[in-house]
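Number of protein chains: 2
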Amino acid sequence: MKSIGLIVEYNPLHNGHAYHLQASKEASGADVAICVMSGYFLQRGEPASFSRRARTEMALAAGADLVVELPYAYSTQHAHWFARGAISILDDLFADEFYFGSEAGSIQDFHELDSFMQNHDSSLQKNARAYLASGVSFPAAQANAFHDADPPGHLPDLSKPNNILGYHYVKAARQLEAKINAKTIPRIRAQYHDELLPKGQSIASATAIRKILAGHADVTMLHPYVPRQVYEKIEHFYENGQPMHTWEAYYPYLQLVLGTRSPDALAQIYEAEEGLENRFIKTAVTQPTFQDFMDEAKTKRYTWTRLQRLAVHMLTGTTKVDIDKAFGDEARPRSVRILGFNETGRKYLNTVKKRTPLSLYHRPQKRKNAQQMLDERAARAYYAIFSGTKRVEKWKHEYAQPPVYWEEGD
Amino acid sequence: MKSIGLIVEYNPLHNGHAYHLQASKEASGADVAICVMSGYFLQRGEPASFSRRARTEMALAAGADLVVELPYAYSTQHAHWFARGAISILDDLFADEFYFGSEAGSIQDFHELDSFMQNHDSSLQKNARAYLASGVSFPAAQANAFHDADPPGHLPDLSKPNNILGYHYVKAARQLEAKINAKTIPRIRAQYHDELLPKGQSIASATAIRKILAGHADVTMLHPYVPRQVYEKIEHFYENGQPMHTWEAYYPYLQLVLGTRSPDALAQIYEAEEGLENRFIKTAVTQPTFQDFMDEAKTKRYTWTRLQRLAVHMLTGTTKVDIDKAFGDEARPRSVRILGFNETGRKYLNTVKKRTPLSLYHRPQKRKNAQQMLDERAARAYYAIFSGTKRVEKWKHEYAQPPVYWEEGD
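Chains E and Y supply the protein sequences, listed in that same order. Counting in the numbering used here, the first sequence runs from 289 upward without gaps. Counting in the numbering used here, the second sequence runs from 289 upward without gaps.
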């Protein structure tokens, strides 16, 4: 069985994602498509708009055969760790190839980029440090240093978000000495940060779709941009007055954490560096909304994403020590949660479960490992915005439900 | 000027408190009555039903001349530290006498009790340890050991809450080598834990009064039990939809803290001992209300009060290290916040401010000391239950307002 892997968030899954999934299956001629999907908090430091389970169903509906979880320790992370966690899992599940969408469209160019970065490593690092010292952000320092190294014009442009991820995937596969092969498919139409639904087209950005949801606008507007079964999910997800999983809903909890823990305690949180915890405290106790908080906390030095990730770690109480323990010696996942599969995925799992170095689970042992404890705490933070009874119900169900089994025609 | 001190919570102030205050002034013939009052979280581990400022006004309306704050580091504490903090402040403010209400009514008996406890110290401690080892609570172990020591029958009964406090006040005064003299006045009628308003009488317990408030029952029912000016405060306090300061309102925040911080981090919290943090985590993620949480967490080993105090410290993020720092070398307050005064109180403050070892303040310096930082964090936790804009407003006003100045006839 030929198998491919995709690294996804599907927040929510839209036609662009469905296209990428189908195009990857067709290009590879694969029998099995595996998605490794972030759980409750995403790479850019945001709560997922839809539950892990709802997004698993979206993935299976759109043609995935097996969905596994990218653990929290890797999901809410800088691209380097995000990529390393995801590629490690796909390689350990014996996926033959992984497919990513990119603004640049040639995998050869990514390999050349990776080589270029290695060959210029010391000058790139030195220049990036100099830019950092001048007060710019980490990504800007890297992009400037890259530009100064005068890269050949055909190399992927490292200021585009999907090219950055793609580069880190390719690098991770090399560093992990993975057997998995990298492939890329050019992204179509919607730009990552487009905030408007494009009229008369079928592909909108997830950002634009979330904006409609967060604004409580007419959900039927989303009809042209998402697969039918996903549309039904979206339509039903927020009925019964379920609170929206936006940062604003979590902000009172973030404020409590920042307003009450000691600066020393907050300095232990992962990514709290250079006194950022003090800036966060000062800002949280004076700013009434999360948007105000971010506007006020933002400096040239830190990207929005970097600060949002820190806010997530503050919310979930994730310390530097917690991440160290979850990473272990090798900084790669040793266990992975099976979120869902169809019959093809189930058969595939049977073929790999004896050989894989990963411990596969859907309900963790009572004695959770460090990685699973972080996933559990992330789930608790995620459902904290529900009211009393519902909150503890969600927490109880968290590990009580079996994985999604998707029958064809569901 | 003769001055007396009272140690109060006034949650809220009722006729029994007003009686005690007036009777103390009359018995002493004092010119000045000083109240040292808990801030936002109280000795039994509960949020104050009324703000610090509202309770300051109640105290001044009922005849206090000066109100100062018992810092958080001493207010939400076992009777030993609670008493030590309060007596230390009153002594450092040169109060000549302090008055406490007790079930027993003779101060001589309390001094004899204190001597008896000293004389039997080693056997009492040994026996109390044995009882503790058998699994009973700390207060029960102490009461049993006390009984075994066969105390003379006229000594105050240490199973009554106000006698326990009284004993600790007298002991604290001795240990601090305080100049202040201890006095007691017998309590009248209402028992501490009475939960019902007594018909046809004028004195009800604060517990019964809070029950009416928490149940959103008709506030006019409270008219017979509180002074007129206090009644007006109560009547106006909860208008405009202000959330009730009950534990239930804080429970979602407690759940977030317990559900997301690591057990190691929670073990650092003050009074987290013998693995109580694990019991708290397990209980918080399964119980939908604070009442359920407490019912489930409760064991013979720990009193309700002890567990509620731990819950407060979890909410405010107060660690063992934080309390150590706030206590300093001497475990007594070095600064105290002036909450309010009338003209008499103002004059008294002028006579003591040059002599007192206490740093008196109403707005702390920008660089707060360890004790003030805990007070500030307690205030932040206290106002966390307000909605967005109101929450940060309350936090901002917290130290911006001047002390209450009470004009006679207010």
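By construction, these hints were calculated from the structure, which means they are not laboratory data. Take these hints with a grain of salt, some might be off.
As the list makes no split between identical chains, a pair holds if one copy fits it or if it spans any two.
[To be verified] Straight-line alpha carbon distances no greater than 30 Å define the calculated DSS-like cross-link-like pairs of lysine-lysine that follow:
no.	residue 1	residue 2
1	Lys521	Lys467
2	Lys521	Lys570
3	Lys290	Lys642
4	Lys487	Lys641
5	Lys499	Lys678
6	Lys654	Lys586
7	Lys684	Lys313
8	Lys678	Lys570
9	Lys656	Lys414
10	Lys586	Lys635
11	Lys656	Lys570
12	Lys608	Lys656
Checked hints:
When the C-alpha separation of Lys521 and Lys467 is checked against a cutoff of 30 Å, the pair qualifies neither within a copy, at 36 Å, nor between copies, at 73 Å. When the C-alpha separation of Lys521 and Lys570 is checked against a cutoff of 30 Å, the pair qualifies neither within a copy, at 40 Å, nor between copies, at 32 Å. In this assembly of identical chains, the alpha carbons of Lys290 and Lys642 lie at most 30 Å apart only when taken from the same copy (18 Å versus 85 Å across copies). Neither within a single protomer nor between protomers do Lys487 and Lys641 lie at most 30 Å apart by alpha-carbon distance, with minima of 46 Å and 73 Å respectively.
With identical chains, the CA atoms of Lys499 and Lys678 are at most 30 Å apart both within one copy (26 Å) and between copies (26 Å). Within a single copy, Lys654 and Lys586 get their C-alpha atoms only as close as 41 Å, which misses the 30 Å cut-off; across copies the closest is 23 Å, which meets it. In this assembly of identical chains, Lys684 and Lys313 lie within 30 Å of each other by CA distance neither inside one copy nor across copies; the values are 36 Å within and 57 Å between. Taking identical chains as interchangeable, the C-alpha atoms of Lys678 and Lys570 lie at most 30 Å apart only when they sit on different chains, with a minimum of 17 Å there against 32 Å within one chain.
Taking identical chains as interchangeable, the C-alpha atoms of Lys656 and Lys414 are never at most 30 Å apart, the minima being 41 Å within one chain and 40 Å between chains. For the identical chains of this complex, Lys586 and Lys635 are neighbours neither inside a copy (48 Å) nor across copies (49 Å), given an alpha-carbon limit of 30 Å. Within a single copy, Lys656 and Lys570 get their C-alpha atoms only as close as 35 Å, which misses the 30 Å cut-off; across copies the closest is 14 Å, which meets it. When the C-alpha separation of Lys608 and Lys656 is checked against a cutoff of 30 Å, the pair qualifies both within a copy, at 18 Å, and between copies, at 27 Å.
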